[in-house]
Amino acid sequence: MIDERRETQAGLYAVGALPAEELREFEQALLANLELQLLVQEFRATTEMLPFALPTATAPAALKARVLAGIDRNINSAKTAPPVASEPAIFPAWVPWTVASCLALLCIGLLGLSSGWRRDTRQLGEKLDQVQQAYAELQREQEALQTKLTTTGSNLVGKVTDLEKQLVEKTKEGQKQKTEFQKQLDKASAEVFGAQRQAALFQNQLRVANREIDRLRGLPPGTTLSDDTGMTQLRVGILKPTTDGPGNAAATSIWDVSEQKGLLVIDNLPPLPPDRDYQLWLFDPKATAPISGGVFSGAETGSARFQFRTPFGVESGDKVAISIERKGGANAPEGKFIMVTN
Amino acid sequence: MNPPQTTKEDLEVMHRISRRDRQAFAELYDRYADVLYSMALRILNEPLEAGDVIHDVFVHVWNNSGLYTSELGKPFSWILSLTRSRAIDQLRARKRSYRFVHDITPEMVDESGPLEHPQDHALSYEESRLIRSAVETLPLEQRQAIEMAFLGGMTQNQIAESLRQPPAAIRARIRRGLVKLRQEVKEML
Chain Y
1 MIDERRETQA GLYAVGALPA EELREFEQAL LANLELQLLV QEFRATTEML
51 PFALPTATAP AALKARVLAG IDRNINSAKT APPVASEPAI FPAWVPWTVA
101 SCLALLCIGL LGLSSGWRRD TRQLGEKLDQ VQQAYAELQR EQEALQTKLT
151 TTGSNLVGKV TDLEKQLVEK TKEGQKQKTE FQKQLDKASA EVFGAQRQAA
201 LFQNQLRVAN REIDRLRGLP PGTTLSDDTG MTQLRVGILK PTTDGPGNAA
251 ATSIWDVSEQ KGLLVIDNLP PLPPDRDYQL WLFDPKATAP ISGGVFSGAE
301 TGSARFQFRT PFGVESGDKV AISIERKGGA NAPEGKFIMV TN
Chain D
1 MNPPQTTKED LEVMHRISRR DRQAFAELYD RYADVLYSMA LRILNEPLEA
51 GDVIHDVFVH VWNNSGLYTS ELGKPFSWIL SLTRSRAIDQ LRARKRSYRF
101 VHDITPEMVD ESGPLEHPQD HALSYEESRL IRSAVETLPL EQRQAIEMAF
151 LGGMTQNQIA ESLRQPPAAI RARIRRGLVK LRQEVKEML
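So the sequence lines, in the order shown, correspond to chains Y and D.
Here the first sequence is numbered in our numbering, starting from 1 and rising by one per residue.
Here the second sequence is numbered in our numbering, starting from 1 and rising by one per residue.
If you're looking for bench data, these hints aren't it; they were derived computationally from the structure.
Note that this is a predicted model, so its numbers are computed, not measured.
For every residue, glycine included, the Cβ atom is placed at its ideal position computed from N, Cα and C.
Please note that a few of the clues may not be correct.
Covered by chain D, according to a simulated footprint, are these stretches of chain Y (three or more residues, beta-carbon under 8 Å) [as the list claims (entries may be wrong)]:
#1 4-16
#2 41-49
#3 59-69
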């Protein structure tokens, strides 16, 4: 198949108008393309028709005579020798020798070129070997890099797996810590709740104690006393369990300095064995040792109140404590304190 | 598309001429002299110069008939090529340009009618008339571009410059003209 460009070139070539810059390329294509050769031949045959389409002008009759005379002169000058045979006479005798010399020189030149070409071929062969070696080296480097890449990839996968494991463990640990914190929070909340209950209990005890004081003074319940009524002579102490005491026990002591008598209200204080008694102790700065406020054995319900007195003239009755002593009490504390004021 | 009935006869004539047959040479001259002279005259536009070209060409044919082989093309193609190139060389030597004639000048047209001995000419009167008709079917711009290249020896760029057209347009005109002419001639002959 001949495209339009080639067809155009073929037409220009047939009429001799193909530009010089296209001529070489077209003639090479022409050598390799039988179809193109046929097209050029047809275009040439077409152009050869053009002279027949021109207005016919008859050649002058004298021209024929002149042409025939011209060839006659050649016939006469060449005698009977045919035109081809007479041509060698045109050249001088030295021309063949000159041509032979040129051919010899050409052969020498070609031999030199041949030697040069062999040298070039050898050098090119060496370069080819070098290039092949470089290529092999590059292939080895590529394989090494591939191996390294594979190893690095495997390591990375391993690291990722380890990190995932660590993450799972950290998560579990975090969950455990969270659970632990939740427990601690629950415990703290329970303690706060217990403390709130304790505070409510103390308030309740305080209200009971106030009523008791009112009763003791012969005042109707709810009467508010002013400072000049002697209220400033009362000392109130709130007792809390020690580490040796019952955790949920509560107690309040009220000491009337002027009357030298007091009231102790207890809650959740468990009953003691028959050979043991609870003993109340008052701490006065003027006294060198705790002053006994009396003994009590507690109650079945754990709640009780009792009055106490002491003959030693205690002025600071807000510092009190309860210990467990032998039956009947002791002169000085021998057992452990189970409840003390702050 | 060869000049009909000529190739085989031409080869035989050339063979005889190579054997120094003066009569054969005269036959070849009679067959092609007019058409070749017409072409040389069209190129050079000068009868004496055209005559000189024809003289030189035929003497060359006589002197080199022994060197002619079919590889050079058909005898007519070879002689036509010689005539065309010598006429164009002459035109360039005279520093003249090919002058395109738009219309076939009536006075130049052969009005002599059918030849008395048609076998003496390359083509018969009828065949020549058909070819002329085929060429006349070409658009003027295509015929002009083809003639300026083939008869004026001008390249596409020279034609483009002369006609003040882009070279691509000249290329297209020559291609279209030749394709059309080839088709027309095929159908007519």
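- Message: If you count the residues of the stretch 4-16 of chain Y with a beta-carbon closer than 8 Å to a beta-carbon of chain D, do you get 3 or more?
- Response: Check passed, 8 qualifying residues.
- Item | Stated coverage of the stretch 41-49 of chain Y by chain D [criterion: 3+ residues, CB within 8 Å] | holds (count 8)
- Would you check chain D against the stretch 59-69 of chain Y, counting CB to CB pairs closer than 8 Å, and say if three or more residues qualify? holds (count 7)
Violated hints: none; the structure is consistent with every hint.
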